[in-house]
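K.L.:
Here is what each chain is made of, one letter per residue.
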Amino acid sequence: MRHLWLIPALPFAGFLLNGIFGRRASKAVVNAIAVGSVALSFLWVVKTLLSLGGMETPHAERYFTWIESGILNVGFELAVDRLTAVMLLVVTGVGLLIHIYSTGYMAHEGGYYRFFAYMNLFMFFMLILVMANNYLLMFVGWEGVGLCSYLLIGFFFLRRSASTAANKAFIVNRIGDFGFALAMFLMVVQFGTLDFAGIYPAAAEMPAEQTAGILTAIALLLFVGATGKSAQLPLYVWLPDAMEGPTPVSALIHAATMVTAGVYMVARSSALFLQAPLAMDVVAIVGLLTAVMAATIGLTQFDIKKVFAYSTVSQLGYMVLAVGVGAFGAGIFHLMTHAFFKALLFLGAGSVIHALSGEQDLRAMGGLRKKIPLTFATLLCAAVAIAGVPPFSGFFSKDEILLAAHHHAPWMYWVGVITAAMTAFYVFRAIFMAFFGDSRGHHHPHESPPSMILPLAVLALLSLAGGFIPVPRFLEPLFPAEGAHHDFALVAVSVGAGLLGIGLAWLFYVSKPGLADSAAARLGALYRLVYNKYFVDEIYDATVVRPLIGGSRAVLWRGVDAGVIDGAVNGIAQRSRDLGILLRMFQSGNIRSYAAWVLLGSVFVLAVLGVMGGLR
Amino acid sequence: MEGAPLSWYLILSAILFALGVAGFLFRRNIITVFMCIELMLNAVNLSFIAFSHKLNQVDGHIYAFFVMVVAAAEAAVGLAIILTVFKNRASLAIDDVSSMKY
Amino acid sequence: MNVVNVLLILPAAGFLAVLLLPRSRPDAAKIAALAVSLAVFLLSLSIAAPVHGDGAELKFVTDVQWIASPDIRYHVGVDGLSVWLVILTALLTPICVLISWRYIERRVKEFYAFLLLLEVGLIGVFVAWDLFLFYVFWELSLVPMYFLIGIWGHERRIYAAVKFFLFTMAGSVLMLAAIIYLYLRAGTFDYVVLQEQMASGQLMLTTGEQLLLFLAFFLAFAIKVPLFPLHTWLPDAHVEAPSAGSVMLASVMLKMGTYGLLRFCLPMFPNAARQCAPWIIVLAIIGIIYGALVSLVQPNMKKLVAYSSVSHLGFVVLGIFTFNEIALDGAVYQMLNHGISTGALFMLVGFLYERRHSLEIADYGGVATPAPNLAAAFLITTLASIGLPLLNNFVGEFLVLQGAALVNFRWAVFAAIGVILSACYMLWMYQRAFFGETPEEVRSHVYDLRAREWAAILPLIALMLWMGIGTGAFLPPIQALNRTVLEQTKSNAEFLVKETPPRPPLRTENGAGAGRGLLNAR
Amino acid sequence: MDVPLFLIFAAIAVACGVNVVVQRHPITSAISLIGVMGSLAALYLLLGGEFIAAVQVVVYAGAIMVLFVFVIMLLNAGAEGRSGRSWPVRLLGIPFLVLLLGLLSFVVQAYAPKTDRVVFGAFTSGGPRDIGKLLFTEYLLPFELTSVLILIAIAGAVVLARKEID
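Taken in order, these protein sequences are the chains called A, B, C and D.
Residue numbers for the first sequence follow the numbering used here, beginning at 1 and rising by one.
Residue numbers for the second sequence follow the numbering used here, beginning at 1001 and rising by one.
Residue numbers for the third sequence follow the numbering used here, beginning at 2001 and rising by one.
Residue numbers for the fourth sequence follow the numbering used here, beginning at 3001 and rising by one.
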């Protein structure tokens, strides 16, 4: 026993303490509990991993039986292998940094204790998700992080937009979870268990003619879950709205950790996916499409957090593409580097917003380079990393993915390269609009406190150097490399695309500031289409939400319920009533009428009994 | 020894009963109606006694006796009710007493 | 003395005692009712441990003659199915006393008396093993509920009470006819004897008989559940009922229906049950989706929760009629879960009503600001209700859906849509009631939870967590019983429906054993 | 001697009975009813019911009818007016009455054996001794119950009439 349970239990204890006693505690105590629990968890992760050594085989611990019924036996079982190890370090490490950052960022907000309680709860569920040793427990974490996402997006619950965004996030995720749940049901039908250790060998040994149907179905349903959680087409719509939450939340949940759960899950289920090539193709294509589409939307947004949100969707598309083409190691690698630079981007953006007292519109920024230089420097690190400039972290991971895509299908590579150019463009567009040129706002920016700058610095370092962590090689025992060899030309093209994007951004927003507007005007309809996010929300609203609500109200409730069913019941009642009214005429209250009826009756009885022979 | 046939007694009973019913149906005065009920009871009593004779059992007399007791009780209560009704409505017309319907 | 008898006598005595209290001292009635119901609850806990060992066996049996001719017996006992329902009833009654403390202002003494009488009826239904006795308790529980709705309800209470009464009566009369018919065939009302006769082949019902009897029983239970399309009495009854009435109605009375299905319909008429199962499952699934969709558009909180009950109970019926062990376990578990989470929801809505005197969602908004604890309790209950893992409903829904998937995957797909929708309507209501700016009327009227309200809601929240995580404390007796029931559905008639066992797990030697290898697929 | 006696008293009874029904004034009806009861008492004697005949005269004609007459006097009831009868009465009254009578006669004729004749003196156990013996043995409980009934009737009558005529 290595007491793996301590890893999630520590943040959970923090959640309980802060949730129950936090309101009466001072901020310092709340900070100590919240940050301390995550820090201890991080340390425990490090200690555990060090003591586990090479982790050639997974280390699993079973604590108690959760659900036992019929053939089903689901244990509360945690496990660590190399994949989990990477995730654990990312989650607790980045989580710790963001917790520290939050103590500064949230210092002036109400509901301080509530925020940290939710954050700790999120850490708990995220750790359960990555450490679970069966699908049901993973589902616990899966839904749990969704819950925390809901709570944290709706943290500023006085704002209607925030609570609406929270609902949207939860419900859209629920649709994904629907797929996940169905996949679980199918797994039990097929394998009779939900344990990873039971399913994967069985799946690997299944003869090919059997796998086509059932395993493809399982894999696709799992992927439906992933599209919800990892914001892929067509369920990505909740993520941009999720920026209503506080910025550290966007960084932790909606950039670094939770949204990558889908990628983790697909990688974890690689044994299933590899048996279902059709599903793999679907995954890859969905990832690629998401990457392109989100990147185009990112080109046009003016809210700094929205830009990064679409960037997140796009980068998640990359990761999904990676796992879709079989480069699971590359996907996880990009997951990690993305956690570094995207968390940094969000935290930096948070620092900018903090400095400007809540301003998020890029058009109201500008010229901040001099006023908040530390923030600028760290953001720049993140930007070069995401743009894929060598030798920074994004370069390595993105390159792995693009090479794998090329190996799988060259056209995917080219689409990926175009997306890379767009990525570089919109990130640097945001940087240039915020930090270069003249100030367009009336704010008096001030640099953020050290508690915010320190995490930025650490993340900047990781963004710059994180590419040298050999994640794919570390994961090779789990995911053997698919023979993708480094081709210098391909690398050069993708780097060139990134640089081109940066250059264009410089041209449009620094050297010739008017060019962007005129380009937008010239593109007209296309620009409006992209600017309005392809009207996807509106389409969903018109095709799904409104018919559902309107139909429920008009047809089901007022129609079927009140009309048909109650109508039928009331109809019976009305007929009885009519009959009663008819019969009531006999009940005149006139006693002699009654006597007459009695007379009638007695004559009848006499006739029947006496004359017809009843007496015999 | 020649006596009247039993059926005569029974038919007399039937006639008296029918007369009672007729009075009940066609008379309007509540007291008369009440008296017609007594007439019907008497008609029934006659049948009881006649059958008792025929069967050579005394039980029929007992029943007739009970009928009389009930008639006495009924007369006491019924007449008290008539008094009340008359006091409340100043009328003895039976058709006026019809509000106890439904 | 047999505890189960005490569980029936004590509240009955409490009912009489409360009635005899002077009208001028309403507090005495409250305290007496609380004391009696608490005592009943504590006593009821003592039946858990013995039954836990073997849920299939009937424990705490008392079997004496009640009426000589016809032979009607006072035959009571508990097994794995009834034990939790009895405890649930005993738990909720004191809680209902607590939540009515201030809610009920008129005819206080009668209210608590009826509440105790209701407890007698409900516990009686779950422990009766004589069909006639069962019917007596079944109807006995109807009367106090009728008065609870009719006297202490809201504006349209008479309409709702009459509708409730008529719907239920319509079904139960048929059930009575079926019970009498069974008596004429078997010469006994005793359920144990009946089962023995059926198992030994002494009592053979023809297919037609079985079908008709099944339908007579089924209709009574389906109305009570309520199964679509027999559900329209439920929203009206809930909306008009006082808070405690709603809680008892949703938490326990609806379970009388599902309990009856599982206790009587399946073991006695397995042939007919299997014959009708596909149709019933279709109705259940329609109910799941339909209830959820109609909930979505309700402007009234209680109506919303009531329609959500239709949806949740659909899962239970689905689970019962899949004839699969996992689904049956889930169905019974879901019965308890629904009792706790929906009961808690009605309580919380009642708390809101006590403050703002409105059930319309539109009259609320921003409640989380003046009443954060209330909002937190409501949120946990909401999350339990929408089936969040680690809370109770998840386990039940998962098992039902899993069991259904093992039999027919399509059922699981359609039923799972209800899970998505449940998140939509509950969270939407929560958002509109609790989030946003606080209007002045809400700010001035709504205060946070009081100690008495904490005392009422905390046990339920604790149970939601416990039942969500520690299923081992609750499931074993249920499983033992369900196995017996499944056996019984095979014992007395040949199969009409081909049995669909789960495919054997494709485990191999090296992959077997939990937790040894994580990803040794490659 | 039996047949003429029967015919005489039957004729009186029917005549008085008709008079009860057709007279418009209640007091006349009451007197006629007493006539019916008297003749019935005579018929009871013919049938061997000495005790019942006595009770008929004493209780019925003597007590109950006096009560009626009292009430008629008390309320000063006059002749009743022409009544509008309700439609069932108008519709069903006469024809069904005739039908009833016809049916009853038919049934009696059909089922009562022609040889059964009522002979005075053939039935001797109608005296007070026999009736009393039966009343206090076999019919004790009903008999006691009648006392309760009468007690209730007295109480009821008192309660109902107490507030009256003041």
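If you're looking for bench data, these hints aren't it; they were derived computationally from the structure.
Misleading hints may appear alongside valid ones.
What the hints assert, rightly or not - Restricting the straight-line Cα-Cα distance to at most 27 Å, the calculated cross-link-like pairs of lysine-lysine (DSSO-like) are:
{"id": "1", "chain 1": "D", "residue 1": "3133", "chain 2": "B", "residue 2": "1087"}
{"id": "2", "chain 1": "C", "residue 1": "2490", "chain 2": "C", "residue 2": "2059"}
{"id": "3", "chain 1": "B", "residue 1": "1087", "chain 2": "D", "residue 2": "3114"}
{"id": "4", "chain 1": "A", "residue 1": "371", "chain 2": "A", "residue 2": "533"}
{"id": "5", "chain 1": "A", "residue 1": "370", "chain 2": "A", "residue 2": "533"}
To be verified - Pairwise CB distance ranges (calculated):
{"id": "6", "chain 1": "D", "residue 1": "3091", "chain 2": "C", "residue 2": "2192", "range": "57 to 63 Å"}
{"id": "7", "chain 1": "D", "residue 1": "3130", "chain 2": "A", "residue 2": "589", "range": "45 to 51 Å"}
{"id": "8", "chain 1": "A", "residue 1": "534", "chain 2": "C", "residue 2": "2488", "range": "47 to 53 Å"}
{"id": "9", "chain 1": "A", "residue 1": "600", "chain 2": "C", "residue 2": "2173", "range": "43 to 49 Å"}
{"id": "10", "chain 1": "C", "residue 1": "2408", "chain 2": "A", "residue 2": "234", "range": "14 to 20 Å"}
{"id": "11", "chain 1": "A", "residue 1": "571", "chain 2": "C", "residue 2": "2173", "range": "16 to 22 Å"}
Claimed, not checked - In silico negatives: residues of chain B with every beta carbon more than 10 Å from chain A:
{"id": "12", "residue": "1021"}
{"id": "13", "residue": "1025"}
{"id": "14", "residue": "1051"}
{"id": "15", "residue": "1056"}
{"id": "16", "residue": "1063"}
{"id": "17", "residue": "1071"}
{"id": "18", "residue": "1073"}
{"id": "19", "residue": "1095"}
Glycine is no exception: its CB is placed at the ideal position from the N, C-alpha and C atoms.
K.L.:
Each hint: holds or not?
P.N.:
Comparing the hints with the structure gives:
1. D:3133 to B:1087: Violated - the C-alpha atoms of residue 1087 (chain B) and residue 3133 (chain D) are around 45 Å apart, more than 27 Å.
2. C:2490 to C:2059: Judged against 27 Å, a Cα distance of about 24 Å means the pair holds.
3. B:1087 to D:3114: violated, 53 Å
4. A:371 to A:533: Status violated; Cα separation ~33 Å.
5. A:370 to A:533: violated, 33 Å
6. D:3091 to C:2192: 57 to 63 Å: Holds, at about 60 Å.
7. D:3130 to A:589: 45 to 51 Å: Between residue 3130 (chain D) and residue 589 (chain A), where Cβ atoms are some 46 Å apart, the hint holds.
8. A:534 to C:2488: 47 to 53 Å: violated, 58 Å
9. A:600 to C:2173: 43 to 49 Å: violated, 31 Å
10. C:2408 to A:234: 14 to 20 Å: violated, 28 Å
11. A:571 to C:2173: 16 to 22 Å: holds, 20 Å
12. 1021: Since the minimum Cβ distance to chain A is about 6 Å, residue 1021 (chain B) lies within 10 Å and the statement is violated.
13. 1025: violated, 6 Å
14. 1051: At about 15 Å from chain A, residue 1051 (chain B) clears the 10 Å cut-off, so the statement holds.
15. 1056: The assertion about residue 1056 (chain B) holds, with a minimum of 22 Å to chain A.
16. 1063: holds, 20 Å
17. 1071: Consistent with the label, residue 1071 (chain B) stays out of reach of chain A, its closest Cβ about 18 Å off (over 10 Å).
18. 1073: holds, 20 Å
19. 1095: violated, 6 Å
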